[in-house]
Amino acid sequence: MERTERLLDLVALLLDAQEPLPWSEIRAAFPDDYGGPSTEASERKFERDKAELLELGIPITFVSGDDDVPDGYVIDKNAYYLPEVGLTPEELAVLYAAGSAALASGAFPGRQDLAHALRKVGFFSDGPLPAPKVRLELGGVADARDLPGRLDLLWSAINARKSVELDYYSPHTKALTKRKVDPWGLALRRGLWTLVGFCHLRQAPRSFHVHRIRALTVNAQRPKSADFEVPPDFRLDDYVATWPWQFRFHPPVDVGVELKGELAPLASRLFPAQPTAGERVTLTVRATYLEGLLKYVLSLGADARVVSPPDAVERFRGMARRVLDAHAGGPTS
Amino acid sequence: MTGTAEKGRPQVHERLRRLLFLVPFVAKNPGLPVDEVAKKLGVGREELLEELDLLTLVGRPPFQPDDFVDIYVEDGRVYVDLDQRLSAPPRLTAAEGVALAAAAALLKPAGGDALTAALAKLETVLPPHAVQRYRAMAKTLDVAMEAPDGLATLSQAIVERREVELDYFTAGRGQTERRRVRPQELFSHRGLWYLAAHCLTRGDARLFRLDRIAGLSLTDVRFEPQEPATRAMPGVVDAAGEVRVRFAPAVAPWIVERFGDAARALPDGAVEVTVPGDSERWLTQWILSFGGDAVVVEPGWAKDAVARAARASLDSD
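Sequences listed follow chains W and L, in order.
Under the numbering used here, the first residue of the first sequence is numbered 2, with each subsequent residue one higher.
Under the numbering used here, the first residue of the second sequence is numbered 1069, with each subsequent residue one higher.
What you were told as hints is all true, and nothing was included just to trick you.
Here chain W is said to cover these stretches of chain L; the calculated rule only asks that three of the stretch's residues, wherever they fall, bring their Cβ under 8 Å from a Cβ of chain W:
1) 1091-1099
2) 1120-1132
3) 1143-1157
4) 1224-1233
5) 1353-1361
Simulated from the structure, these hints should not be mistaken for lab results.
Bear in mind that the values here come from a model prediction, so they are computed numbers and not experimental data.
Glycine residues also receive a C-beta, built at the ideal position from the N, C-alpha and C atoms.
Turn these sequences into a full structure, and let the hints steer you where they fit.
Here it is as C-alpha cells:
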C-alpha cells in the first residue's frame, strides 16, 4: 500500500474510533503493512508513520486505559478539527492581502505553508475568497532567480534545525567563502532577506544576505534529528539592521535631527525615536553608522536636517555640498 | 525536512495535507468544477484527478464498501458522498501559523487593529500542543516593511469591492482634488506603492501613488468586478524619458548586485545605470541617499532637480 494512502487510512480509522485503539488492532487492520513476521520492524514502521502525522499537526497520542478502556492510540478530535476562526471580513481581507502579496512576490520562505494557512483560514467563509490583488517587490536584486528556492530550503533547515553549507559571495572582495552555518532565522528588511545563524568558520553568530548565497546544501544526515539548538534568548532583531544607521561594530553617537513642514507629523514613522511636540520636532537618534544616518536625513529633503553634534552637522553640510557641486554644472559627460 | 521528494512527485507530507484539505473542501462546496477545485488547491487539473483516484482507495479497515471515501467527478464537477469523518480540515500547523503571521507583518503597521486582532485569533486555532512551537518558530522569521498608511483600507476596499473617496495631489496641476474610485490592485514598484483603480471622477482607469493620497474613506457603495484595464507600469508611458546615473567606485559593487548586467562598468571603476525618469521626487531622494557617491549625468532637468534639492538642504534653517 502506498504510504500516503496508509497514513490517510490511519487518520480515518482513528477519527472514527470511539475508544483508544490498541496496537494489536492497528496491526490487524493493516496486515500487509504492520503485520510482518518481525514485530519490531512493524513497530518501527508504525512509529515513523505516527511521526509523519504528528509533523502535520495531527494530535495522535497513546493513552493508558483502565478497567473499561484498553491502552491504545487516539486522535484528539477537538484538537484535530479546525474550528471556525471567526475572522471579520476586514481581518480576513488584510490576512489575504498580505498572504497573497507574499506568495505573488515569489521571494517568501515557507510558501507551501503559507498557501495552506490561507486556505484554512478561508475555509469557513461563505463568500468568494479574496483574490491576490496586492503585489510587492521583494528581493531587491537584479538576479533573483535562485532566491525563492534558497528561501524555502533555508526555511525547512531552520524548522528542522539542520546545518547548511553555503558558498557566500562578498561584493566587497568579489570572492566566495565556504561556510558551515547553523541557521537560526530569516529576516526581511528593506526588501532584502537576511539569514542569521552560527557561523562555524567565524565561530560566532553572523548574518548573511540570502541573495549573496551562491550554493546551498542542507545536511542530509539523520534528517529527523536536530543538529543544533537555538539560544533561548536569540532575537533576529539584534543581528539585522532595521535602519541604515545601524551597524553592530561601531561605537554609538547620539545625533539630533530636526523635522519640519510635512515631515514633522511623520517623525515617529521616519525614526524609531520619541519626537518633541510642535511644528518643528527634534529627536535624538542613536547611530552606530553615522554616514548612513546622514545620507538618510539628506534623502528626506529640505524639511529634515542634522542639528547636533557640531561635527555631524559639518559632515552633513559637506555631504550636501558635494551633491550640489556635482550637479550644479552642465552635463558632465 | 520531511520525507524525500521522489521523482516528480510531491513529498508525502505535502500530499497528505493537501488531501486532508481536499475532502472537507469538496464536502463543504459540492459540485464545483474540476478546474476550480484544482486552482483552489494550487495544483494542475491532471494532478487533481490523480489525487481523486488515490482518495477512492482511502478508507478505514475493515474496508467494506461504506468504509471508503466516496469522492467522484460527475459532468466535470466534484462531489463527495462519504467523507469518512474528514468533515473539516486539520488545524493550522505551527509552520503554517508562522508563515501566515510573517506574511501579515508585511502590511504592518498599515494593517492596524484588524491585523493585530486577526493574529490573536490565529493563535487560538493552532492545536494546543503546537502553540509553544509556534511561539518558538515565530522568532525565526522576522519581517519588516515600510507599508504606507491606507494599504489596509485599500486592501479591504479591493476585496469587498467598495468604492472609496480620496484627495489626490496631482504634481502636474500642483493641486489637490477629491476623487471617487473603484480600487482594483495595489502594488509596489521601485520602493513606491501604487493603486490601480477605475476613477469615476475622470471616467477612466488611473494609477494613484499612495504617498499622494490623503483623506481616504471607504464608502458603502459596492461595485461589480470588471476586467482590469491594461495599464502600463509606472514610468513606461511617461514622457520624462530616461536618466543616466554614475556611481563612484566605492559603491559600484553594490550597484552591480542591484542592477546586474544593466550596470555598465567604466574604466575608472565607476558604473553607470539608466533608470526611468518618471518620478522626480523618487529620483532626487534616491540620488541624495548616496550622499555624493551617485551623480546624474543627464538629462539636464534631472541634474537641476538634484542640485535644487541639495541647495534647499543647505539653505534650510
